[in-house]
Amino acid sequence: MDLFEAIFWFLTAMAIGSALGVILSRNPINSVLFLIATFFAISGHYILMNAQFLAIVNIIVYAGAIMVLFLFVIMLMNLNADVEPQKSRLVQFAGIISGGILFLLILAALRDMKAAGVIEKTATDIGLMKNLGKTLFQNYVFPFEISSVLFLSAMIGAMVIGKKETLVIDKN
Amino acid sequence: MKAIIAATIIGVIMMFASILSNNKSGIVSLATVLFFFLFGINIWEVYESINATGVAAPAYLNNMMSLDSFAIWFSMLMSGCALLYILLLGKEIAKVGKHVGEYFALIAFIMVGIYLLAGYSNMLMLFIGIEILSIPQYILAGSDKRNLKSTEASLKYFLMGSFSTGILLMGIAMLYGATGSFDIINFRMLQTDALNPLALSGILFLIIGLGFKVSAAPMHMWTPDVYDGSPTPFTAFMSTIVKAGVFVAFLRLFHASFGNLTNHWMMIVAVITATTLFIGNITAVFQQSVKRMLAYSSIAQAGFMLFAILSVNATAWQGIVIYAVAYSVATIGMFAVLIKLKDYTYDGFNGLAKKEPALAFFTTIFLMSLAGIPLTGGFMAKYFVLLAAVQQGQVMWLVIFALIMAAVSVYYYFKVIIAMYFKTGEAELNHEVTGYDKLMLGITCLLVILIGLMPQLLLNL
Amino acid sequence: MNQLLEISFSSLASSIHSWLSSAIANATILNVVEMAIAGVCLLVFLVPLCFVLGYMERKVAAFMQLRLGPNRVGPKGTLQIVADTVKLIFKEGLTPNASDKFLFNLAPIIVVVVSMLVMAPIAFAKNFQLWDLNIGVLYVTSISSIAVIGILMAGWSSYNKYSLLGAMRSGAQIVSYELSVGLSIISIVIMTGSLKISDIVMSQADGWWIFKGHLPIFISFVIFVIASTAEINRAPFDLSEAEQELTGGFHTEYSGMKFAMFLLAEYINLFVVSAMAATLFLGGWMPFHIGHWEAFNHIMDFIPSSLWFLGKTFAIIFIIMQFRWTFPRLRVDQLLNLEWKYLLPISMVNIILVTIMAIMGWYL
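Heads up: the protein sequence lines correspond to chains A, B and C, in order.
Each residue of the first sequence is one higher than the last, beginning at 89 in my numbering.
Each residue of the second sequence is one higher than the last, beginning at 68 in my numbering.
Each residue of the third sequence is one higher than the last, beginning at 139 in my numbering.
Just chain A, same shape as in the assembly (with noise of 0.2 angstroms):
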């Protein structure tokens, strides 16, 4: 087992582990820091293959943008572990449930499945950053300005949401 194999599994065990914490641990905050670390476990995985560029746009977009904002909501709404909602027995045991149901299926589904088609690859330079950006602007270049529209779209909503509403004489 050499550096290589060590940190993947030392990452892997992390990325698990955390977004494991993320569900189970009953403060918000503590979910919303196991989500970064999460992150982070992914962003290592990223820089495993090579795909530099990425990880840090996943470093600064979630773990540094996102997460942050959520921290935000939560301590300003001051969400305790006490706060959250205790769910009936009946249902929590619906999930269970249903939950393991999926589970299996998913398991079945993957026990004998082949990875048709996608050949596995560890360090490309497909990752960096100068491919990246031939193959956004060249192949992906029209989902790419397309999704400016939904990013408009969500900015216009940010403020139809957010804008104070008092009440307004119609001029006409």
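These are calculated hints, taken from the structure and not from any lab test.
Just to be clear, a hint being listed does not mean it is correct.
[As the list claims (entries may be wrong)] Some chain A residues near chain B, calculated using beta-carbon distances under 10 angstroms:
| hint | residue |
| --- | --- |
| 1 | 236 |
| 2 | 241 |
| 3 | 248 |
| 4 | 251 |
[Claimed, not checked] Covered stretches of chain C (in silico footprint by chain A; criterion: 3 or more residues with CB under 8 angstroms from a CB of chain A, positions within the stretch not fixed):
| hint | region |
| --- | --- |
| 5 | 274–280 |
| 6 | 290–303 |
For glycine and all other residues, C-beta sits at the position ideal for the given N, C-alpha and C.
Please build the complex by placing chains B and C on the supplied structure of chain A, with the hints as guidance.
Okay, now just chains B and C, sitting in the frame of chain A:
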């Protein structure tokens, strides 16, 4: 492509219009003109596609979109419906809140999403289209900020909608794992003999994700609350044009990609269809509010549209087009009437025929179309989707079940008609019904009847 | 030409590397050992750095206010900061009873570790860099944006309203000023066409960007300095620890060594942003050259590259320290208005100008 660009630009223009002007009715007129313009561009595109068949898609699209004649034709019809919607309800949109220009901008962006969904050929575009469609809807649902129910609707829709988008993404990821491609054409290579279990679970996830967006049972839980809580003009838009757009995306994926895998997913969709029909129709019977009844009826109508997905043949494509248009036109008309009334319960309609005979007459036509009475668009729509299922031949039991459910639906639609004509009371109107309103409602009625008489007009494929 | 004089950091590093590779056969162990050495070197560099900065801060403050500043401990008060450190180490580290103990203790560590991580791609001298990754500047912006999580953690876990308010303010501030920092960095990236620190430094061999780039780059330099001052929560943007309003801000409840760690992180951050400004706009370790004045350029080359780098960095640190005693503290709304209504639009227009300049080749 031109329509996508035009709709985006219209959205941006509407955004700036609201900065530059406070005049609400001016913004509404501008939006009307711009949507006329959008419809014109769509017609231009249809004209071009008729003249220039066999021309390859532009290279910059890179197989992201296949803007075939169906996609362009469907986009044109949806733009027409959106135009009708703005003409009928434009003034009501202006009354919802302060940010009128933004509402129209969001509607224009939703149109972009519909065009994308009508002609996508890559899962990336499906995802982006669904998102462009959904996010403005979350906002429109919560646009009446002084109303707590509207806020609740928005939040509920947002939380559940993002969850279902997550499931959709999971399905796309699984299909990518199975095929190594996002191109829906490549999914055809999934042959039945050596089927990858990963692909099967991917298809299952996609059914759930898309089923949520079209409010198919048992993924329908959000629908009544969201449609009931949202401001009525936006409910009219969300439950009609948007839903039709998602249905076409659903149809395109399952016919183009998974058409030869029917024995794997047919049963699941059939059960979903049966559940949707049952829950939609039976629950609608017990509603007190007409708005909530329409929400459940939209679930029931989704059940009929699911027949088009079940039956993998050419008739299904015709059926979905007719259904989308007939249902949209009638429902938009119905909402345009509903919004005039002060009281949304059945009792609110009491004696409407005496007070506003024209309004009552139009309502009757719309409701008959929704119920599927012959000579109206709704009948032709139901006829075509059920015909497709009969031609397909595997789900006869479901067709019979659907016919029973259609009979049930007549009960709750006719309850409104009975209230209007045979019950005494003072139907209170929110505001005066102007000549313009009557003219527009009359045109809508004519469209409903026209579709019923000559459905082939919509099938100029 | 000056082969004999070449006792530079880079030759030192390469000779250590060749010696280690001959001594240790296993590549993995070699890697680990070298990483450990680099880490220790960084720590050894950082502690005196913070002493220097702490001393400098007091002396600059005294200078600005016509005072003498520390002058008792050691010659000219140079050992004052050592005395302070000793005091902080021996103080009791209190943990409030109602606090979230784990997060409370984790927060200062995160803040310090993050600020140290940012040091990795900085080029201290010619060919002397810990990690020259090809997205260097992006790495710096992304990692430094993590510090806010540590601050929010500290503020929240203290269970104190002043701490929480301070943390909230600092979170809003850092997240918004990050945009301007990023945009002014992008203007340099557009000019050089690379995110690699070594490429950016090399592109300034014939003149630093602040001279070559005309007005638009100068504007981004100014914006960078303002916005990064705000990003590291220094006065006049130190709302998160405004004493008059919030006692001590997010570190109200901290004492002893844990408090010292916040101080340490603040100084490291100050150094890092100044080093970034020096690298991006003032040529990093690149000596000052003027066109074809060969003789002048050679003389400049004799000054070691590490001195150039540290000189530029400390010049900018000096400017930022002067800000503290020159401008009054902003209000929260003024702070956010400054970013969203002035700096951000200006940076965006500036980016367009820079792009036009880069496409047309209107620079040396």
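Each hint tested on the structure:
no. : hint    : in the structure
1   : 236     : holds (8 angstroms)
2   : 241     : holds (4 angstroms)
3   : 248     : holds (5 angstroms)
4   : 251     : holds (7 angstroms)
5   : 274–280 : holds (count 4)
6   : 290–303 : holds (count 5)
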